[in-house]
Structure formats: structure tokens, C-alpha cells
Amino acid sequence: MKRWHIRDIILVTILAIFMGVIFWAITPLYSALTAVFAPMGLQPLANEILLGVWTMAGPLAGFVIRIPGAATLGELLGAVVEMFLGGVWGASTLISGTVQGFGSELGFMATRYRRYDWITLILSALTTTLVTFGWSLAREGYSAYHLGFLLLLFAVRFVSVFVFGGILTKLITNLLDRAHVLKH
Amino acid sequence: MNPSLKLALLVLVALEISFTHVWTVNIALIVVSLILMVWSHVAFKRLVMLTLIPVFFGGALVWSLTLRGTASTHFLLVIFTRMVAYVYMGGWFAQTTNPLTLTRSLEQNAKLPSKFAYGFLAAFNLMPKIQAEVATIKAAALMRGQVLHFWSPQLYFKVILAAMNWSDQLASAMTSHGFVEDAPRTHASEIPLITRDWVLLVGSLALVQIGLFVGLP
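For the protein sequence lines, the chains are A and B, in the order given.
Final position of the first sequence in numbering that gives the first Met the number 0 is 183; the numbers increase by one with none missing.
Final position of the second sequence in numbering that gives the first Met the number 0 is 216; the numbers increase by one with none missing.
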């Protein structure tokens with residue numbers, strides 16, 4: 000199993016900061032979506048639609064750096080950046096960041112850090128959705144929703160995580176592969 | 000308070016109120032965080048932001064739970080105060096903790112390996128450069144008539160190339176300045192960890208436990 004070296008640590012941190020900066024730019028979009036959905040009582044949908052973007056640092060770091068813990072660390076550091084930039088949810092981003100990162104990590108763990116292809120990304124999207132949804136059930140009180148609405152939220156979240164953490168991550172890593180910068 | 004213990008306290012309390020349903024404790028946490036922030040001269044504008052944000056998002060969430068769910072008033076009150084408490088506690092932490100001191104404390108007091116501590120610091124100091132790089136990449140693409148959005152793979156591709164490049168350079172720079180992974184180090188600036196810190200941590204946690212489990216609403 001590969002160990003962490005100073006170069007990898009700096010790389011995962013820089014990557015997390017980059018993602019933090021890009022995600023920072025979509026905060027107005029989040030507020031706008033919330034404002035549009037809120038009157039109809041659909042606020043969580045704003046969250047679900049964008050959740051894939053916020054959880055993307057995990058699979059991307061896991062895929063690029065390929066060391067156990069990379070996905071968790073990437074997502075957690077992204078949350079640290081968000082907190083110090085003055086993110087919306089404050090301290091709880093640290094916990095959500097760890098939960099999200101661990102969710103993506105499970106996907107890589109399931110293939111024992113050996114496969115870096117579609118299978119791993121789909122698994123990772125699935126574990127991210129399941130783990131973060133469990134967290135939302137407790138933290139955001141999702142457990143009080145009617146079952147139908149809850150299923151809708153779950154479906155939207157999975158699609159979002161799959162589009163950003165799966166498809167977009169695959170497109171990015173394809174480009175990196177063609178540029179021969181990924182270690183195999 | 001020692002930054003590592005402060006972080007531990009914050010995470011433990013935030014985790015605990017995520018799974019418990021006592022709104023009076025949430026209110027108490029909000030009041031204490033507010034007092035601590037006023038005490039440390041947090042700017043008024045920042046306090047207003049810290050209030051408006053959770054009221055807006057928490058309000059929207061509570062409204063949605065009312066329309067689409069079967070939540071009781073007590074449950075809604077818990078969720079709403081929980082959201083505000085998270086943001087206030089996080090505000091207190093972020094506004095009163097210096098990232099450099101926190102990293103030093105994590106290395107010295109919490110025994111985080113020094114390669115992680117210095118790796119994080121090296122990268123975090125690049126923050127302004129990283130922000131400028133995203134702007135540069137977008138501008139360079141615009142000159143070729145290409146608009147890069149947060150869903151464009153090219154944006155991330157270029158960002159990752161820059162990250163790889165910089166991490167190589169920074170790592171070599173650190174090695175050439177004599178940084179050796181896992182070697183014992185001395186510290187130019189020591190972060191104290193005194194009995195008072197432990198008393199504050201244990202005392203605050205004990206107070207929260209009492210509040211949560213004596214049967215308050």
C-alpha cells in the first residue's frame with residue numbers, strides 16, 4: 000500500500016483549495032435556487048441538485064492521488080477551506096466534509112484501491128449518496144418527510160453525485176490520462 | 000483556549016446536537032457563542048451575516064419540512080435552532096482561531112505527523128495564488144472564445160495540472176531547505192497546553208451533557 004509523502008500531501012491540499020475556490024463561485028447559485036424553491040417548500044432540492052458539486056473533491060482526489068485516505072482528506076480539507084472562507088454552515092462543514100469524504104472513500108475501498116475506472120466511480124457515487132443521505136436524515140431532519148418526497152430527494156441526490164462525481168470526474172481523468180500525468 | 004482542544008470541543012458538540020433533540024441547549028449554545036464572539040470583538044457586520052445566513056436557509060428548510068413532512072413544532076424548533084447553533088459555533092471558531100496556530104497546535108499537541116502539518120501550511124500559503132490561477136485560466140480560455148463553467152472538464156484539467164506542478168516544486172523546495180519526513184523536529188514557536196484548557200474542555204462538555212440529558216425540552 001502506498002504511503003503519504005510530502006508531495007502528495009501538498010497536492011491533495013492544493014487540489015482541495017482549488018475545488019474550494021471553484022465551489023465558492025456557485026454559492027450565489029445555491030442561494031438563488033433556495034430562494035426559488037423555498038416558497039413551494041422544496042428548499043432541500045436546491046441542496047440535492049448541487050450536492051454532487053460539493054462532494055466532487057473526494058472522488059477526484061481519490062482518483063488522481065490513489066493513496067488510501069486521499070478521498071477523505073481531499074473532501075475534509077475542502078471543508079476546512081470553506082469554513083475559513085466563511086462558508087454557510089460553519090463548524091458542521093467539518094463533520095459533513097468528513098462524512099462526504101468517507102462516503103466516497105468507501106467506493107475506492109470496495110475495489111481495494113486497485114481499479115481506477117467506471118466501476119469504482121459508480122460505486123463511489125453510490126456510497127457517497129447512501130452515507131450522506133443517512134447523515135441528512137439525522138442532521139437536517141429529513142426523517143420527518145413523507146416517503147414520496149424523501150425518495151425524490153434521494154433520486155435527485157444520486158443523479159447529482161453521479162453526474163459530478165462520476166461523469167465529470169471521468170471526463171477530467173480522461174483528459175489527464177491523455178496528457179500522461181496519472182501514475183498507474 | 001488551546002486550538003486543538005477548541006476544535007475537539009466544537010466537533011464533539013456539533014456532532015452531539017446533530018443527534019439529540021433539545022432546543023433549549025441549542026439556544027444556550029447560540030447565546031454562549033454570541034457572547035464569546037462579542038467578547039473577542041468580532042465585527043458587527045460579520046455577526047449580521049452569521050445571523051442572516053442560517054435564518055434564511057434554516058427558515059427555508061423548516062418551511063419545507065412543514066409543507067412536505069409530518070414534523071411536530073418541537074422538531075421544527077430543534078432543526079431551526081440547530082442550524083443557527085452550527086453557524087454561530089463555527090463563526091466563533093473561525094473568527095477566533097488563527098490557521099497557523101491551529102496547525103502548529105495540531106502538530107505539537109495532537110501529534111499530527113509534521114509532514115502533514117507543514118504540507119498543509121505550504122499549500123494554504125498558496126491560497127491567493129490559487130485564486131488568481133482560477134481567474135487566469137478562465138481569462139485565458141475567454142481569449143480563445145471558450146467559456147469555462149464549473150461543469151467544464153477543461154477547467155479542472157488545467158487546475159489539476161497547475162496543482163501537480165506546484166506541489167512538485169514546493170516539495171523539492173522544502174527538501175532542499177532540509178525538511179526530512181518523519182525526522183524529529185524542534186519548534187520555534189511552542190503552543191502551550193495547560194490544565195486550564197483541559198478544565199475548559201471537560202467542563203463545557205459536562206455542561207452540554209447535563210443540558211441534554213436532564214430532560215429539558
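To be clear, the hints were calculated from the coordinates, so they are not data collected in a lab.
Keep in mind that this is a model prediction, so the values were computed, not measured.
Where hints are given, some of them may not hold.
Keeping only pairs whose Cα atoms sit at most 20 Å apart, straight-line, the calculated EDC-like set for lysine to aspartate or glutamate is [what the hints assert, rightly or not]:
1. 5/B x 15/B
2. 5/B x 196/B
3. 182/A x 167/B
4. 1/A x 181/B
5. 110/B x 196/B
6. 169/A x 116/A
7. 110/B x 15/B
8. 1/A x 167/B
9. 110/B x 181/B
10. 1/A x 116/A
11. 110/B x 167/B
12. 1/A x 196/B
For each hint, the structure was consulted:
1. Restraint check: the Cα-Cα separation between residue 5/B and residue 15/B comes to about 15 Å, which is no more than 20 Å; the hinted pair holds.
2. The suggested pairing of residue 5/B with residue 196/B holds, with an alpha-carbon distance near 9 Å, which does not exceed 20 Å.
3. With a C-alpha separation of about 14 Å, the suggested pair residue 182/A and residue 167/B falls inside the 20 Å cut-off, and the hint holds.
4. Taking the CA atoms of residue 1/A and residue 181/B, the gap is about 16 Å. The hint holds against a cut of 20 Å.
5. Using a Cα cut-off of 20 Å, the hinted pair residue 110/B and residue 196/B holds, with the two alpha carbons roughly 17 Å apart.
6. With a C-alpha separation of about 8 Å, the suggested pairing of residue 169/A with residue 116/A holds against the 20 Å cut-off.
7. Proposed proximity of residue 110/B and residue 15/B is contradicted: the alpha carbons are some 25 Å apart, above 20 Å.
8. Taken as a hint, the residue 1/A and residue 167/B pair is honoured in the structure, with Cα atoms around 18 Å apart against an allowance of 20 Å.
9. For the suggested pair residue 110/B and residue 181/B, the alpha carbons sit about 12 Å apart, so the restraint of at most 20 Å is met.
10. Between the alpha carbons of residue 1/A and residue 116/A the distance comes to roughly 19 Å, so the proposed pair stays at or under 20 Å and holds.
11. A hinted pair counts as satisfied when its Cα atoms are at most 20 Å apart, and residue 110/B with residue 167/B does not qualify at roughly 26 Å.
12. Simply put, residue 1/A and residue 196/B have alpha-carbon atoms about 37 Å apart, too far for the 20 Å limit, and the pair is violated.
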